[in-house]
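Given the coordinates of chain A, work out where chain B should sit on it, guided by the hints.
Protein chains: 2
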Amino acid sequence: MAEKRTELSDLGEFGLIDKLAEGISLNNSSTVKGIGDDAAVVEKDEHFALLSTDMLVEGIHFDLSYCPLPHLGYKAVAVNVSDIAAMNGKPEQITVSMALSNRFSLEAIEALYSGMKAAANDYNVDIVGGDTTASKSGLVISVSVLGQVAKNKITYRKGSGQNDILCATGDLGGAFIGLQVLEREKQTFLANPDMQPQLDKYQYIVQRQLKPSARMDIIHELKELDIVPTSMMDISDGLASEVFHLSKHSQVGFAVYEDQLPIDKQTYDTAVEFNLDPITAVLNGGEDYELLFTIKQEDHPKLEKHRDIHFIGHAQTLDKGNVLITKNGNHVPLKAQGWDHLSS
Amino acid sequence: MAEKRTELSDLGEFGLIDKLAEGISLNNSSTVKGIGDDAAVVEKDEHFALLSTDMLVEGIHFDLSYCPLPHLGYKAVAVNVSDIAAMNGKPEQITVSMALSNRFSLEAIEALYSGMKAAANDYNVDIVGGDTTASKSGLVISVSVLGQVAKNKITYRKGSGQNDILCATGDLGGAFIGLQVLEREKQTFLANPDMQPQLDKYQYIVQRQLKPSARMDIIHELKELDIVPTSMMDISDGLASEVFHLSKHSQVGFAVYEDQLPIDKQTYDTAVEFNLDPITAVLNGGEDYELLFTIKQEDHPKLEKHRDIHFIGHAQTLDKGNVLITKNGNHVPLKAQGWDHLSS
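Residue numbers (our numbering), protein chains in the order written: chain A, 1 to 344; chain B, 345 to 688.
Be aware that one or more of the hints could be misleading.
One-sided excerpt, in silico: chain B residues whose CB lies under 10 angstroms from chain A [stated by the list, open to error]: (1) Glu347; (2) Ser369; (3) Thr397; (4) Gly474; (5) Thr476.
Okay, derived cross-link-like pairs now, DSS-like style, lysine-lysine, Cα gap no bigger than 27 angstroms in a straight line [what the hints assert, rightly or not]: (6) B/Lys480 - A/Lys4; (7) B/Lys502 - B/Lys592; (8) B/Lys592 - A/Lys19; (9) B/Lys480 - A/Lys33; (10) A/Lys19 - B/Lys555; (11) B/Lys530 - A/Lys136; (12) A/Lys4 - B/Lys530.
In short, the hints are calculated from the structure, not lab data. Note that beta-carbon positions come from the ideal geometry of N, C-alpha and C, so glycine has one too.
Next up, chain A with everything else stripped away, as it sits in the complex (with noise of 0.2 angstroms):
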């Protein structure tokens, strides 16, 4: 009798990790929260701890070709302030493991650790400890992190209620678009060496790629306006797909309106030239590792001025769904069709 065989293509990530999870029991009463969020979150006496994990594959997230190592190490650590930004919290330590094949010269690791130096300095974050051993292919990083957040300002994916307005910080696409642009001067290489890559006009998105932002600015900003957001999570899958999460951990559904939709001039304006749609880049492109979050109504006032904070929708309730509506009044069923690792 054959044993059973399920491929993890078929269950895509999110799949995989329900999965796991099930049968999961918490022991220690420390644990508020568990697998389910951006970061899970301990009791520490006065505080809540919170810890989140990131890993990065050589072949899977980066491709060293185009991307510089201290541009990874910077991106490993960004993404990680990332999760703790998401939870409205303030990161503080992490470590660092890598794994790294005999093609790595010490001067490399120097280069990746560089980056991962800069951005432990840009996001005040103590470089703590870690692993570094072989690997028999290839360069894996895993970065984890240790943030904390005042009980009251905690922000979880659940707590977004009807009518709180729907927020984005940044603009969004510009990572997926910056990806494409790379792509393609790396084939251009391989087709002809003697080719130089032509990155000039695409530096804004090429950097949105290779070095994301944490938005722990935005999380001062919040801090200092005494505005808690009432759910929030990182953009890193694509914005239609953090949508459908806020909306199911919520229990709440979204009207996102497509003329709100931040979007850069470059990335527009490149997403035209590869013959992409720029919205569909906007709701489906990764890593951009911008914020979203619902705020209530009463504190709108406080925000509407901020540059770089856009009003993108509202939250409804859950029957009405999650839609897109787009510039010329149409409702449309938003799909989401975020980054999966594990089919690619």
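Relative to chain A, chain B alone:
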């Protein structure tokens, strides 16, 4: 001009860690101890939080041709728990990240995870998060652990005073000799796939290799006996290597008595069968995950009758160095030849 290229194998793991730790500054006042002990130490109001991480890489740390997936999952958790034990702490939460190629099915990952859940249960820790992603080849597991310890109970590698008694738990060398058995059976199987592995008489040492235990039982007993070791670490790279770590951090030398070294009969007999020196296996075999610690002389009576704690030596002035006192009374300089996954 050629760029400088330093091979990682020339540096070794500890050399690399030292290089990378250079120029790391600590920005957070909550960071009590960064790189350089079994776990990082973070101040959390009443307690210290402990943070550690370990990465296991297929083809380097494990070979799936003889390592059952549930055992591997168990080990990935146990080695992290062991790092928290080594700080005299209690593990509470872990995150699990995995990179896996498409040769793994859902059933395989569930088998791996079942071992992690079993270990989580045994050590009373909660699996609170993680990251699951694809890899181009092989399996990489990265586990991070968050623990805690009372401020007056923490033990570092630093702290041993002269004349303190050096203690080791359990028995040593078994995991290393168990690995030799598994490797031999693998070669036999590869040469003749009809041969079935003959592991019955090696059951204990094979288990030592495949499914090590973290000695949380000892940590709990020390607490009950109101003993705080003066220094401690876990024995993952081989006893001799760890003695050098305690020596360096505590600025003392150690005299280790050959006739006090704990070795199981199966380890001894099998070492002889493999033409390996049993004492070398005890001193330099890795992955036993026992505890090595020092206590004040006055605490000795409390532990004297303990069946599983062995008094293998004592601390002396640094200038006397680290020496092995052989059965016939010779003083031989101790040599560390720990495992080094970077030169393999």
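Would you check the hint for B/Lys592 and A/Lys19, treating anything up to 27 angstroms between C-alpha atoms as holding? Outside the cut-off at roughly 46 angstroms; violated.
How about B/Gly474: closest beta carbon in chain A under 10 angstroms, or not? With a minimum Cβ separation of about 6 angstroms from chain A (threshold 10 angstroms), the hint on B/Gly474 holds.
Is the straight-line distance between the alpha-carbon of B/Lys480 and that of A/Lys33 27 angstroms or less? violated, 32 angstroms
Interface hint for B/Ser369, Cβ within 10 angstroms of any Cβ on chain A: Given a least distance of 8 angstroms, the restraint on B/Ser369 holds.
Closest C-beta approach of B/Thr476 to chain A relative to 10 angstroms, hint status: holds, 6 angstroms
Given the hint that B/Lys530 pairs with A/Lys136, test it: the Cα-Cα distance must not exceed 27 angstroms. holds, 19 angstroms
Hint consistency between A/Lys4 and B/Lys530 [alpha-carbon to alpha-carbon, up to 27 angstroms]: Between A/Lys4 and B/Lys530 the Cα gap is close to 26 angstroms, so the pair holds against 27 angstroms.
Per the CB criterion, is B/Thr397 less than 10 angstroms away from chain A? holds, 4 angstroms
Has the given pair, A/Lys19 with B/Lys555, been kept, meaning a C-alpha gap of at most 27 angstroms? With Cα atoms ~24 angstroms apart, A/Lys19 and B/Lys555 stay inside 27 angstroms; holds.
Distance restraint between B/Lys480 and A/Lys4, which requires alpha-carbon spacing of 27 angstroms or less: Within the cut-off at roughly 23 angstroms; holds.
Hint status (Cβ of B/Glu347 to nearest Cβ of chain A, threshold 10 angstroms): Hint holds; B/Glu347 Cβ to chain A Cβ min 7 angstroms, cut 10 angstroms.
Is the straight-line distance between the alpha-carbon of B/Lys502 and that of B/Lys592 27 angstroms or less? Distance ~8 angstroms between B/Lys502 and B/Lys592 Cα, so the pair holds.
Consistency with the previously given hints fails for numbers 8, 9, ordered from lowest to highest.
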